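Protein chains: 2
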Amino acid sequence: MALAQQKSFDRFDPVAVRHAARRGELTGDTAGLAPGRVQGNLAILPKDLADDFLRFCVLNPKPCPIIGMSEPGNPAIPALGIDLDIRTDIPRYRVWKDGVMVDDPTDIRSVWRDDLVAFVIGCSYSFEEALIADGLPIRHIACGTTVPMWRTNIACTPAGPFAGPTVVSMRPMKPADAIRAIQITSRFPAVHGAPLHIGLPEAIGIMDITKPDYGQPAEVKPDELPVFWACGVTPQSVIAAAKPPFAITHAPGSMLVTDLLNSRVASL
Amino acid sequence: MALAQQKSFDRFDPVAVRHAARRGELTGDTAGLAPGRVQGNLAILPKDLADDFLRFCVLNPKPCPIIGMSEPGNPAIPALGIDLDIRTDIPRYRVWKDGVMVDDPTDIRSVWRDDLVAFVIGCSYSFEEALIADGLPIRHIACGTTVPMWRTNIACTPAGPFAGPTVVSMRPMKPADAIRAIQITSRFPAVHGAPLHIGLPEAIGIMDITKPDYGQPAEVKPDELPVFWACGVTPQSVIAAAKPPFAITHAPGSMLVTDLLNSRVASL
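So the sequence lines, in the order shown, correspond to chains A and B. Residues in the first sequence are numbered consecutively from 62, following the working numbering. Residues in the second sequence are numbered consecutively from 62, following the working numbering.
This is chain A alone, in the form it adopts within the complex (with noise of 0.2 Å):
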């Protein structure tokens, strides 16, 4: 049974986390895990594709926000996490071949190569602890789903062959309470920050707030306003979509755990 094998290692721990999943104890989800730690997206695209990569971060910073990245063939991120080994530490990657996935390990050892260069992009994990700390609800954790997502209107800045549109996670609140959901994430420009929109799908292109194109729907009420945040699937979707000849990715919801303190991350 899963939730007995992950009771075998420190469950609040960050290194022990990333070790249960070096050791294939930890195969799934991270939510949850590591209270209190940064975690993260990770992207893995060879040396003559990252420069176009990052250049593509930097120049979309809400979707894409870089919390890390690694030197070409070098597995260890140090400034993320102490024996941090990126080929291991994930509980599950994807690894896709011209835009087709191709596997879903636990481990990406066997496909290492020197010339890749690993890149952990900030997640809404980090401002979602904030809000919960906060006092206010959110619908998709108190409901056990996933975040309901849609891809936009809004451009990215394109680099290279990277292109195509902001991703976006959505999180139905009432008025006062978005108010005060701007407030705390406006705190947290390394974990996308302030929300990208408010209020009026339409105007971003969501045609229909009960169809995310990722994740699972979320009931918006009648006294509440749909509030939109940038995502990290933005990169995913953007790596997809140039179809590059190698690259790899965490599964969703099976993120990067990292030493850093989320409250380190705020702004404020």
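Hints were generated in silico from the structure; no laboratory data involved. Please read these numbers as outputs of a predicted model, since none were measured by experiment. Be careful, since some hints might not be right.
Label pairs and their in silico Cβ distance ranges [as the list claims (entries may be wrong)]: (1) A/274 / B/162: 53 to 63 Å; (2) B/250 / A/193: 21 to 31 Å; (3) A/204 / B/198: 37 to 47 Å; (4) B/313 / A/271: 52 to 62 Å; (5) B/195 / A/274: 28 to 38 Å.
Positions of the beta carbon are idealized from the N, C-alpha and C atoms, including for glycine.
Given chain A, put chain B in place with the hints provided.
Coordinates of chain B only, in the frame set by chain A:
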């Protein structure tokens, strides 16, 4: 001609503006005068009511942020301005008896009493200046009209005879501008701070967004949301409802110009 009269003093100097009001050379609106300086709403009450009113303001800081108050009978408020005389330095006053306006003089020395306490309450001019400096359009300013205001279903916390609904002002904004406006006004808790509400007028008891209770209508376009801030008309409305035997307020738009810098009342 009023404009010509107003050119006879230094419109950028808050002391000169107050002295012009004192001399009777300035008898109208203070909007645009002494740019960068805090302007305030005025409420003057006899000491036996002032204690309850002070408590009311402290309990309702968003609509009633006190930026200064006088000692009973003392017309100076040194913390707000050099050589400030609250009896002469506001261009136009309103004198109230039993809740009825009985006069609108340009000078209140003849009705001043030793038991009167003056309260100066923050005003939206300060945060509007910050919004404009950030390039955000403000509909009622662009149209040259008065900001639209409504009594809401958000009750103030009562104190003694002072009770009533929170009054809000509304500025229509595109969603991304509204998010930016929330960030900017959050820095100004001394002048109403972040909005109270956004996007769903009915939720706060506003049934017709085209018909304000005070001020003039401002069009909300299809790609905009109405954004609602707590308003300094709240304490005036509460005083009118309490029908105190004697009270003095400023005339609408004719504010106290202080020496305080708007930038210095920002919390960050």
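- Message: Check the structure against each numbered hint from earlier and tell me which ones fail, lowest number first.
- Response: 4
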